Amino acid sequence: MAQPRPPRLHDNGGRDFDAKQKRKIAEIYQVLNNEPVDIAPLRRMAISEGGLLVDEIRCKVWPKLLNVNIDDLLPTPEEELRENSKDYQQVLLDVRRSLRRFPPDMPDEQREGLQEELIDCILQVLQRNPQLHYYQGYHDIVVTFLLVVGERVAATLVEKLSTHHLRDFMDPTMDNTKHILNYLMPIIDQVNPDLHDFMQRAEVGTIFALSWLITWFGHVLSDFRHVVRLYDFFLACHPLMPIYFAAVIVLHRASEVLACDCDMASVHHLLSQIPQDLPYETLISRAGDLFVQFPPSKLAQEAAQQQAERTAASTFKDFELASAQQRPDTILRQRFRERLRAEESAKSLLATKPRTNRFVKLAVMGLTVALGAAALAVVKSALEWAPKFELQIFP
Amino acid sequence: MAADVESSLELSLSSSYVGPLPPPRSRILKIIVIGDSNVGKTCLTYRFCAGSFPKRTEATIGVDFRERAVDIDEERIKIQLWDTAGQERFRKSMVQHYYRNVHAVVFVYDMTNIASFHSLPLWIEECKQHLLTNDIPRILVGNKCDLRNAIQVPTDVAQKFADTHGMPLFETSAKNPNDNDHVEAIFMTLAHKLKSHKSLMLSQLPDNTIHLEPASKPTMTCWC
Ligand SMILES: Nc1nc2c(ncn2[C@@H]2O[C@H](COP(=O)(O)OP(=O)(O)O)[C@@H](O)[C@H]2O)c(=O)[nH]1
Ligand SMILES: [Mg+2]
Numbered sequence: 154m155a156q157p158r159p160p161r162l163h164d165n166g167g168r169d170f171d172a173k174q175k176r177k178i179a180e181i182y183q184v185l186n187n188e189p190v191d192i193a194p195l196r197r198m199a200i201s202e203g204g205l206l207v208d209e210i211r212c213k214v215w216p217k218l219l220n221v222n223i224d225d226l227l228p229t230p231e232e233e234l235r236e237n238s239k240d241y242q243q244v245l246l247d248v249r250r251s252l253r254r255f256p257p258d259m260p261d262e263q264r265e266g267l268q269e270e271l272i273d274c275i276l277q278v279l280q281r282n283p284q285l286h287y288y289q290g291y292h293d294i295v296v297t298f299l300l301v302v303g304e305r306v307a308a309t310l311v312e313k314l315s316t317h318h319l320r321d322f323m324d325p326t327m328d329n330t331k332h333i334l335n336y337l338m339p340i341i342d343q344v345n346p347d348l349h350d351f352m353q354r355a356e357v358g359t360i361f362a363l364s365w366l367i368t369w370f371g372h373v374l375s376d377f378r379h380v381v382r383l384y385d386f387f388l389a390c391h392p393l394m395p396i397y398f399a400a401v402i403v404l405h406r407a408s409e410v411l412a413c414d415c416d417m418a419s420v421h422h423l424l425s426q427i428p429q430d431l432p433y434e435t436l437i438s439r440a441g442d443l444f445v446q447f448p449p450s451k452l453a454q455e456a457a458q459q460q461a462e463r464t465a466a467s468t469f470k471d472f473e474l475a476s477a478q479q480r481p482d483t484i485l486r487q488r489f490r491e492r493l494r495a496e497e498s499a500k501s502l503l504a505t506k507p508r509t510n511r512f513v514k515l516a517v518m519g520l521t522v523a524l525g526a527a528a529l530a531v532v533k534s535a536l537e538w539a540p541k542f543e544l545q546i547f548p
Numbered sequence: 141m142a143a144d145v146e147s148s149l150e151l152s153l154s155s156s157y158v159g160p161l162p163p164p165r166s167r168i169l170k171i172i173v174i175g176d177s178n179v180g181k182t183c184l185t186y187r188f189c190a191g192s193f194p195k196r197t198e199a200t201i202g203v204d205f206r207e208r209a210v211d212i213d214e215e216r217i218k219i220q221l222w223d224t225a226g227q228e229r230f231r232k233s234m235v236q237h238y239y240r241n242v243h244a245v246v247f248v249y250d251m252t253n254i255a256s257f258h259s260l261p262l263w264i265e266e267c268k269q270h271l272l273t274n275d276i277p278r279i280l281v282g283n284k285c286d287l288r289n290a291i292q293v294p295t296d297v298a299q300k301f302a303d304t305h306g307m308p309l310f311e312t313s314a315k316n317p318n319d320n321d322h323v324e325a326i327f328m329t330l331a332h333k334l335k336s337h338k339s340l341m342l343s344q345l346p347d348n349t350i351h352l353e354p355a356s357k358p359t360m361t362c363w364c
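These protein sequence lines are chains A and B, in that order. Residues in the first sequence are numbered from 154 upward in steps of one, following this note's numbering. Residues in the second sequence are numbered from 141 upward in steps of one, following this note's numbering.
Bear in mind the hints are in silico, worked out from the structure with no lab data behind them. It is possible that part of the hints are untrue.
Partial list, derived from the structure: chain B residues whose beta carbon lies under 8 angstroms from chain A [said to hold, decoys possible]:
(1) Arg196
(2) Ala199
(3) Thr295
(4) Lys300
(5) Thr329
Here the structure is a predicted model, which is why all the values come from computation and not from measurement. The beta-carbon is built from N, C-alpha and C at its ideal position, and this holds for glycine as well.
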């Protein structure tokens with residue numbers, strides 16, 4: 154019989170990595186064991202290299218990041234859930250076609266059971282929140298939660314997520330989603346103006362990034378480990394972080410894009426095929442870095458200009474305000490007022506806050522030290538809005 | 141992830157040409173495919189571009205793009221198919237951009253789903269709003285004709301509808317292996333018509349996009 158050998162790729166690097174990982178796991182458990190749990194270090198660890206590492210930890214930390222009390226879960230859905238839902242047909246079609254989201258070696262029977270749970274989970278959240286509208290791609294988000302934390306917790310987490318991070322995607326129309334997509338080109342412009350101009354000339358638009366944004370990349374990445382790693386990151390960050398991450402991917406592929414024919418089809422085609430071997434940790438760090446250097450408040454005006462008709466010119470006025478704006482009740486009330494005040498707020502956007510030294514410093518650190526420093530910077534910025542975010546959730 | 145679905149696309153975008161002259165870029169035929177969710181738009185476009193029925197498809201989010209180069213009368217033409225999301229919310233603010241410069245529109249309904257047929261007037265209306273001219277050739281495709289026992293849209297009803305709207309009707313199946321050339325024939329007929337129709341001459345502009353000159357309503361033979 155062969156000697157049992159722990160699986161290792163590279164002896165030294167592997168051991169280092171293992172040790173680092175073990176240390177991080179221990180650290181996370183330590184934080185979790187101290188009541189009341191301190192969310193800040195959890196955020197930091199969700200962002201930093203490797204994220205939350207294993208699903209067992211995700212089950213414990215994701216609820217904390219969303220401020221969900223897992224002793225207070227959504228009830229099991231009622232019998233008539235499906236009959237009473239106007240979205241049932243669409244959800245059914247999309248869930249049936251979502252085979253790729255499940256582990257390939259999962260027995261059919263188990264997968265089918267999970268698909269049923271997925272349908273119920275989606276419909277229950279929609280039923281309890283009539284202000285939310287289903288979109289194709291929402292199922293890609295919900296399935297990720299379902300596979301990691303199980304049905305009841307998933308429903309509860311997804312409800313919180315839907316009324317906050319995903320709120321803008323779930324409007325009756327996609328105008329606000331479009332508006333968020335309008336942040337993409339200004340971010341690219343800040344870092345690589347040539348690439349920006351090339352893409353503008355190609356008139357490629359931003360729809361290639363739509364599925365990335367509204368599914369948090371769940372629709373386009375085939376390796377589930379990458380998906381959950383990104384979810385760790387996004388759950389710990391500002392709701393606009395996915396668009397920064399989208400920009401980072403485009404920037405990462407700049408040379409490919411520039412080598413492409415300068416037309417809509419070629420560029421759209423190239424970009425919508427996401428490479429599966431992206432250097433995720435580096436990109437995450439870079440996205441955090443860009444967020445700190447060019448916070449949404451800085452980009453808001455350019456994003457608004459991207460829009461021919463400025464429907465919701467000021468969804469995100471400031472990255473600190475944004476968390477407040479993601480609140481379901483304020484959003485609904487403010488949306489109307491915001492429209493009235495569109496002019497006014499557009500004016501206030503002209504006076505963007507000057508970048509503080511600390512931001513510059515952290516950003517530079519992030520750029521040079523690559524991992525770690527940038528993650529730290531993101532945490533700092535996340536923490537600036539996190540306390541408000543948490544307060545608002547727990548009145 | 142749509143890796144399987146998209147893997148066919150390589151065949152077209154790389155135009156490697158070795159020679160003293162810059163490569164003559166092929167003209168492009170841009171076709172947009174619209175219709176309700178689940179009628180088989182993704183399967184049809186995949187079938188035409190990759191030559192087979194996809195093992196599985198996923199909900200299309202936003203707009204997907206597939207392409208295939210064909211030779212028509214000794215001229216190489218790139219047929220670009222823009223496959224769109226069926227859910228209404230995507231159409232309203234998202235898909236608009238992709239109607240730009242289209243040369244033809246393919247409306248698809250599911251022959252086994254009467255609701256998808258009843259949605260057609262909405263699609264037609266919406267298409268009118270997005271397109272600058274009325275003369276863009278349009279065809280109507282009833283898909284899934286292989287499911288013979290489940291047909292809900294009778295051919296004569298569909299034909300009447302198609303006549304009213306001045307479109308040729310094709311009943312087909314993206315799936316049926318015996319229908320091997322039918323899907324192909326639909327798109328090829330469209331390409332031929334677009335290319336040969338005198339008043340639909342595709343004129344090449346310096347920037348390599350092609351524009352359609354005003355044209356009269358196309359008359360095409362029905363295949364069903
Ligand atoms: N039997 C049969 N099924 C089809 C045919 N075309 C598509 N389908 C199935 O219909 C479903 C929806 O197809 P899809 O192409 O994703 O529809 P889309 O939403 O319009 O893009 C899938 O389950 C396909 O397998 C067909 O010609 N015959
Ligand atoms: Mg589709």
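Now for the hints, and whether the structure bears them out:
no., hint, verdict
1, Arg196, "holds (6 angstroms)"
2, Ala199, "holds (4 angstroms)"
3, Thr295, "violated (25 angstroms)"
4, Lys300, "violated (27 angstroms)"
5, Thr329, "violated (22 angstroms)"
Of the hints listed earlier, those the structure fails to meet are numbers 3, 4, 5, in rising order.
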